[in-house]
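S.K.: So you can see what is in the structure, the chains are spelled out below.
Number of protein chains: 2
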Amino acid sequence: MLYSKLFGKTVKAYPKDEIAVNAKLLLKAGFIDKLMAGSYTLLPLGRLVERKIEEIVRQEMNATGAQEVLMPLLHPKTIWNETGRWESAKEVMYQFAKDDKEYALSFTHEEIVMDLIRKHIAGRKDLPVKIYHFSTKFRDEPRAKSGLLRGREFIMKDLYSAHENKEDMMKYYAVVTEAYMKTFARLNLEVRKVEASGGVFTKEHTREFQVLAEGGEDTIYFCDQCDFAQNKEIFTGKEKDTCPKCQKGKIISAKAIEVGNIFPLGTYYAEKMNVLFADVQGNRKPVWLASYGIGITRLIATIAEVFHDDRGLIWPEAVAPFPIHLVGLDLKDETINSKVHNVYKVLEENNIDVLFDDRTEASAGEKFSDVDLIGIPYRLVVSKRTGEQIEFKKRNEKTTTLLDLSSIISKIKA
Amino acid sequence: MLYSKLFGKTVKAYPKDEIAVNAKLLLKAGFIDKLMAGSYTLLPLGRLVERKIEEIVRQEMNATGAQEVLMPLLHPKTIWNETGRWESAKEVMYQFAKDDKEYALSFTHEEIVMDLIRKHIAGRKDLPVKIYHFSTKFRDEPRAKSGLLRGREFIMKDLYSAHENKEDMMKYYAVVTEAYMKTFARLNLEVRKVEASGGVFTKEHTREFQVLAEGGEDTIYFCDQCDFAQNKEIFTGKEKDTCPKCQKGKIISAKAIEVGNIFPLGTYYAEKMNVLFADVQGNRKPVWLASYGIGITRLIATIAEVFHDDRGLIWPEAVAPFPIHLVGLDLKDETINSKVHNVYKVLEENNIDVLFDDRTEASAGEKFSDVDLIGIPYRLVVSKRTGEQIEFKKRNEKTTTLLDLSSIISKIKA
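Keeping their order, the protein sequence lines are chains A and B. Numbering of the first sequence is given in this note's numbering, commencing with residue 1 and proceeding in unit increments. Numbering of the second sequence is given in this note's numbering, commencing with residue 1 and proceeding in unit increments.
No lab work stands behind these hints: they were computed from the structure. Glycine included, every Cβ here is placed at the ideal spot set by N, Cα and C. Hints are supplied without guarantee of correctness; some may be wrong.
Stretch-level coverage of chain A by chain B, calculated; a stretch enters the list once three of its residues show a Cβ under 8 Å from a Cβ in chain B [said to hold, decoys possible]: (1) 32-39; (2) 70-77; (3) 119-133; (4) 177-191; (5) 373-380.
Have a look at the derived ranges for each label pair, beta carbon to beta carbon [claimed, not checked]: (6) A/THR400 / B/GLY123: 31 to 41 Å; (7) B/GLU349 / A/THR78: 22 to 32 Å; (8) B/GLY123 / A/ASP353: 20 to 30 Å.
Here are the simulated DSBU-like cross-link-like pairs (lysine-lysine), alpha carbons at most 30 Å apart as the crow flies [said to hold, decoys possible]: (9) B/LYS28 / B/LYS52; (10) A/LYS145 / B/LYS119; (11) A/LYS16 / B/LYS24; (12) B/LYS232 / A/LYS5; (13) A/LYS182 / B/LYS182; (14) A/LYS34 / B/LYS77; (15) B/LYS171 / B/LYS145; (16) B/LYS24 / A/LYS101; (17) B/LYS98 / A/LYS145; (18) A/LYS52 / B/LYS101; (19) A/LYS119 / B/LYS137; (20) A/LYS16 / B/LYS272; (21) A/LYS166 / B/LYS77; (22) A/LYS90 / B/LYS137; (23) B/LYS101 / A/LYS98; (24) A/LYS28 / B/LYS272.
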């Protein structure tokens, strides 16, 4: 991709009302644009990151045996009425009437998936069901001030599983927990499993996956020695207490971002909605439901909050929009110009995606500051000073080295 | 994928109110489920087809130099008011108020993309802009009776381009026309370019891409000798007239499905919304806008309408959910059972995706009728009668042949 042709370049000015670090950085670096409070367009760089995150999540979901579907976003009131959430979740849901029909926008999909499942199961042989989708969620957030961390509209991966009994549900619950930890590890995120309240989903405690980050909206209390961790909402102690679990460690508190959650919902939804299967004796029984979310656009924000310095973003390789940012300097010199275009061509021929800063007008200073702001893992420079070689630098290191193109290609492909 | 574990198997009963061929076939074969009139879930088989279509469209859009973004679905009234479409498109748009703010759901994105573009262009060097996304559209259809051909909610690829003058716009318009023809050819669809009315988008005539199909909602009039073709809405002649273009051919009329359209919208939107750039003299001028749509979920329906017989669907290889449907018969015989599981394993090891009917209870008749209904291009059978070989049959041919596994693998990979 030629930077001169990229839609969504780095910008100096961005909406004044943005206070979140992720929003400031992603806006300035040209990954997102703001449509209104809590609602952003993913620009080409942002969409590339989002698609890479989505593909990692897809691979890990498929590995658990889950199957990808796509459920609608516009829902009839009748289905939401079956569990009473049309009323109980009224504050967070967008609801409206058109031509005498009442609709809600998807703020989650439990009721919709249960309507689907009850049409497709008869007996035990049809269970378990494990289906997920990547889809848009809408939530009316009165204070949407955290950039992509908390939007009125955002992308979520939500997985739903239905089982014949609690044991089978808890077995898969453990499988998904492992898959989540693997997913977050692939994104370089250090995640804590935290006990929390079920909110509008269930009266039981549930499990959140929290990343420690100063920009986080949650506060968690956790042990400095064992895996005890609770969300502030349910934690009854205070900082510096002795850990109630291991009785050895001390409790620490920290700001954190919830990147995923897991709800073992049980038979509540199936009972309300008559999602029944015939057991071996032929008795009709409710299925056991669990739901599992990962905030896809929230992950973009989380990575921005965790991986940056005062000069800009620092993308982990697995989700960087491009592995390489190639900078051409002294481009009015025809020899240099043709040399750097050749480097670009050879890299592309080797199936290495490159963001190539081919601007002739911009200064070296401008180009280097854009490189640091955008945060692509490897910077290559071709200029009068690099001679027959190419300057190579990692975004998160200070040293530069001169290498030839073939060593660079092997380094990147390694 | 083991058919025994697939969510969304073939069904005998489907909603009685469905009259469209595509809806009946896709529901019966387990590709979709109906949430409400005009709104469907893509089940695993349907999502696989949709993702393959999406990837073909993505490749062809990228080849034109367009860049992928993702724009929001929930829009503020203020932006729609700038062109007056909040009022003029009221019938088709879902509009509602929440907490004193008024919103609309995306029925298209011209206004939203123009708001984005005006923030990101200054001079000529920022033009042209060519951006597209795959996103959900919502349209209030009073009569949603055509299955996935006309939904209240559907997936569309929409591309928008902004140019400094008409000439540049028309040049790219021709490039996208070619890309569209190539896209539809990759989907095995024979498409006619048809002149049509601009509807709520423009007062000018626009270009539609129409596939001849009995289930189509459009009627087109076209010449049997040249490329003249007009939508019924604007055609002023009648059937059997002499072609007004070549003066030789005869006009024929036929039912057709609009799978794509192209609107050279001009400066209208830019003038209303102040989407301006500085030309060489420094004068601020409005950009020339064009928009280009392809109905992704409508394409699934179109393929179903065009490619089927009385036994079921017949997917083109490029978009089939799996290339191979492997059927195991006589599975209570342990030798056969282990043989067919081995065939499945070897195919998967060769990176060939397989839908494997591993059910022990279903009869041969049931399995074969499911194969024909689902419509995967190649059927393989392993049974007592196939000995050391495997029976091979194409969905759209009658003859079966006995082949060994390695010849089958070369055939599929060819």
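S.K.: Are the hints correct? Go through all of them and say.
M.R.: Outcome of the hint check:
1. 32-39: holds (count 4)
2. 70-77: Holds: 7 residues of the stretch 70-77 of chain A have a Cβ under 8 Å from chain B.
3. 119-133: holds (count 7)
4. 177-191: violated (count 0)
5. 373-380: With 0 residues in contact (Cβ-Cβ under 8 Å with chain B), the coverage given for the stretch 373-380 of chain A is violated.
6. A/THR400 / B/GLY123: 31 to 41 Å: Since the Cβ atoms of A/THR400 and B/GLY123 sit about 33 Å apart, the hinted range of 31 to 41 Å holds.
7. B/GLU349 / A/THR78: 22 to 32 Å: The hinted range 22 to 32 Å is violated for B/GLU349 and A/THR78, with Cβ atoms some 47 Å apart.
8. B/GLY123 / A/ASP353: 20 to 30 Å: Cβ of B/GLY123 to Cβ of A/ASP353: about 28 Å, so the range 20 to 30 Å holds.
9. B/LYS28 / B/LYS52: Distance of about 21 Å is within 30 Å: holds.
10. A/LYS145 / B/LYS119: holds (21 Å)
11. A/LYS16 / B/LYS24: violated (53 Å)
12. B/LYS232 / A/LYS5: With a Cα-Cα distance of about 40 Å, the restraint between B/LYS232 and A/LYS5 is violated, given a limit of 30 Å.
13. A/LYS182 / B/LYS182: violated (40 Å)
14. A/LYS34 / B/LYS77: OK: A/LYS34 and B/LYS77 at ~15 Å, within 30 Å.
15. B/LYS171 / B/LYS145: violated (38 Å)
16. B/LYS24 / A/LYS101: Within the cut-off at roughly 25 Å; holds.
17. B/LYS98 / A/LYS145: holds (18 Å)
18. A/LYS52 / B/LYS101: Given that 30 Å is the threshold and the Cα spacing comes to 34 Å, the pair is violated.
19. A/LYS119 / B/LYS137: Holds: A/LYS119 and B/LYS137 sit about 26 Å apart, inside 30 Å.
20. A/LYS16 / B/LYS272: holds (26 Å)
21. A/LYS166 / B/LYS77: Given pair A/LYS166, B/LYS77 is violated - Cα atoms ~47 Å apart, limit 30 Å.
22. A/LYS90 / B/LYS137: holds (24 Å)
23. B/LYS101 / A/LYS98: holds (17 Å)
24. A/LYS28 / B/LYS272: holds (28 Å)
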